[in-house]
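Chemist: Listed here are the chains, written in short residue letters.
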Amino acid sequence: MSTTAKPKRMKTGGRSVLWYLQQDWQLWIMLLPAVIYIFIFCYMPMYGAQLAFRKYDFAKGIYGGDWVGLEYFKQYFSSTMFSTTLVNTLTISFCSILFSFPAPIVLAIIINQLKVQKWKRTLQTTVYIPYFISTVVLVSMLNVLFAKNGGVLSDLLKFLHIVPEKANLLGQRQYFVWMYVGSGIWQSMGWNSIIYIAALSSVDIQLYDAAKIDGANVWQRVMHIEFPALVPTIMILLIMNMGNILNVGFDKIYLMQNTLNLKSSEVISTYVYSLMAPKTGAPQFSMATAVGLFTNVVNFIFLLLANTISKRVTGSGLM
Amino acid sequence: MAKKELSFTPTRNRIRDRDAADIIFHILVVVLSILCFLIIVYPLWFVVIASISNSDLVNQGKVVLWPVDIRFYGFEQIFQDSRILIGYRNTILYVVGGTLLNMIVTMPAAYALSRPDFRLRNPIMLYFVFTMYFSGGLVPTYMQINRLGLINTPWILLVMVLINTYNLIIARTFIQNTIPNDLYESATLDGANHFRIFWSIVLPLSKAIISVEILYYAVFHWNDYFNALIYTSNTDIQPLQMVLRRILLQNEAFANGNGGVQGGYAQSSADQVKYAVMIVSTVPILLVYPFIQKYFEKGVMIGAVKG
Chain H
1 MSTTAKPKRM KTGGRSVLWY LQQDWQLWIM LLPAVIYIFI FCYMPMYGAQ
51 LAFRKYDFAK GIYGGDWVGL EYFKQYFSST MFSTTLVNTL TISFCSILFS
101 FPAPIVLAII INQLKVQKWK RTLQTTVYIP YFISTVVLVS MLNVLFAKNG
151 GVLSDLLKFL HIVPEKANLL GQRQYFVWMY VGSGIWQSMG WNSIIYIAAL
201 SSVDIQLYDA AKIDGANVWQ RVMHIEFPAL VPTIMILLIM NMGNILNVGF
251 DKIYLMQNTL NLKSSEVIST YVYSLMAPKT GAPQFSMATA VGLFTNVVNF
301 IFLLLANTIS KRVTGSGLM
Chain F
320 MAKKELSFTP TRNRIRDRDA ADIIFHILVV VLSILCFLII VYPLWFVVIA
370 SISNSDLVNQ GKVVLWPVDI RFYGFEQIFQ DSRILIGYRN TILYVVGGTL
420 LNMIVTMPAA YALSRPDFRL RNPIMLYFVF TMYFSGGLVP TYMQINRLGL
470 INTPWILLVM VLINTYNLII ARTFIQNTIP NDLYESATLD GANHFRIFWS
520 IVLPLSKAII SVEILYYAVF HWNDYFNALI YTSNTDIQPL QMVLRRILLQ
570 NEAFANGNGG VQGGYAQSSA DQVKYAVMIV STVPILLVYP FIQKYFEKGV
620 MIGAVKG
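So the sequence lines, in the order shown, correspond to chains H and F. Under the working numbering, the first residue of the first sequence carries the number 1, and numbering increases by one thereafter. Under the working numbering, the first residue of the second sequence carries the number 320, and numbering increases by one thereafter.
Rather than coming from a laboratory, the hints here were simulated on the basis of the structure. These figures come from a predicted structure and were not determined experimentally. Here a beta-carbon is modelled for each residue, glycine too, at the ideal position from N, C-alpha and C. Incorrect hints may appear among the rest.
[To be verified] Quick list of in silico lysine to aspartate or glutamate cross-link-like pairs, EDC-like style, CA-CA up to 16 Å:
| hint | chain 1 | residue 1 | chain 2 | residue 2 |
| --- | --- | --- | --- | --- |
| 1 | H | Lys115 | F | Asp341 |
| 2 | H | Lys166 | H | Asp155 |
| 3 | H | Lys212 | F | Asp341 |
[Stated by the list, open to error] Every beta carbon over 12 Å from chain H, so not counted as near; a handful from chain F, in silico:
| hint | residue |
| --- | --- |
| 4 | Asp338 |
| 5 | Ala339 |
| 6 | Ile353 |
| 7 | Ile359 |
| 8 | Ile389 |
| 9 | Arg390 |
| 10 | Gln396 |
| 11 | Ile411 |
| 12 | Pro427 |
| 13 | Ser454 |
| 14 | Thr460 |
| 15 | Thr472 |
| 16 | Ser519 |
| 17 | Lys526 |
| 18 | Tyr594 |
| 19 | Thr601 |
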């Protein structure tokens, strides 16, 4: 029984909405702005997503157009853009998870192992910095550092023979994913490591001592003490990532797009934007809504899948 | 160290092996940490030296480690550019006003959801969490905002993300886990209602999470160009990031060697402006961090325990 409950709070038979409001009215007032905002800005657009099944009619508004059923979904699935956008989105997503996800974990373990406190602090503070750089600035940094002629880092990569002499890292489509994922790691690795460092700092020191006595070397200590301590955090973050698998960030990709790499860089979110605000021709609102809705449903399925698998395997999940 | 533990361990060899493995591991860790440091720092350092070097030499790839032919033309140009000043003014308004609104909405809601005696707590939580994973999509949201008459007004950039569910969850978790129940009990006995408890007990004890929230929201507003791109077209109300986009990205073709020459600027310093803009637009938000770093790590730790 909670202590702040008033004595008159007894079991009532039929509980109406009013009853709930009456009981906690002060808390409801504190929640009200957030609840209303979410309703207007999130739930009402969800209702508006029915536009995906209607022909958009400028005069009659979002709910007024003729019902066309799955017409726009069929149109999207049968267009060439479907496979292009889906493949690009999945490629970028999976590469991000595969490479960007482990990076902060490794960094956290490295930082945690450093013995010289001054160096540890310096490194920790430095790796946070890129997080504060805006996407616009980040993309323009990529443009100068990896420029085809005279880009300092593209010259370095060519010198090390990692890329061929004639490579144009910003223009050729096969490099797009690597530029995207690499810059993402550079920007957010340090920031994302904070949560893992926090998890590591809560590991019981006695465990280390016991392992040392048992003759475990430092590598074994990392694998058998530190890594298991990180698993719950890793699982939760991984599930949350899976729920966004088709939500590859619009911001950076849109800014990185150019006419040369478009075949690799057109993802679902940028495609939706180009349908909604095309450079030429009329906007295709219904089609854009349908594509958006499709993304949402797929994301949701991935989230549920990841959650179920995680619950089966590790016993911890989101819901 | 090895001597002291000798009596506990089965054999001398095992200790020797262990110590050898440890040394290799530590060397590896140090090398990797230095590599990490260089990878993070070099691009930042390059922007700094390029902003004060002769742009021709920068473009030819001749400025690598130290500035060459130092000049400050770029910085001088920036402070005369009205686009940047207007963008700066707008961004500051959006960051300060937007973050303030975020906090006013997020913190009371987090408190309400942290109370175990709040009936319907779980359904309401679900109401928020659902929006993290499902949305109406870009077009319906746009139309909704259009209907509210917020397109092309500064208001939309203030309220577009009035509350972020993730931030709400970490604030709720923090309040739930750090404020002892005894405090609530005694406050209730003294006749304090929820508003009073929130204002006089919860807020003063939540400095750590408040600083985390402020940082998250402020960085979001500072970096946000997406909402400005979608919902505004009037350059007078657009934030700095949109101005940056025009200056840094739209004026130049990519990587074909002839980009970046801006009319009127002296040729050999033209690109200095770009680098200077990058620095001037990043430093202010960077300076905020050290001030709240102390609270920040503690706040992240406690707030994120349960994701």
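Chemist: Does each hint hold? Answer for all of them.
Modeler: Tested hints:
no.	hint	in the structure
1	Lys115/H to Asp341/F	holds, 13 Å
2	Lys166/H to Asp155/H	holds, 10 Å
3	Lys212/H to Asp341/F	holds, 11 Å
4	Asp338	violated, 8 Å
5	Ala339	violated, 8 Å
6	Ile353	violated, 9 Å
7	Ile359	violated, 5 Å
8	Ile389	holds, 18 Å
9	Arg390	holds, 18 Å
10	Gln396	holds, 16 Å
11	Ile411	holds, 15 Å
12	Pro427	violated, 4 Å
13	Ser454	violated, 6 Å
14	Thr460	violated, 4 Å
15	Thr472	holds, 15 Å
16	Ser519	holds, 14 Å
17	Lys526	holds, 17 Å
18	Tyr594	violated, 8 Å
19	Thr601	violated, 6 Å
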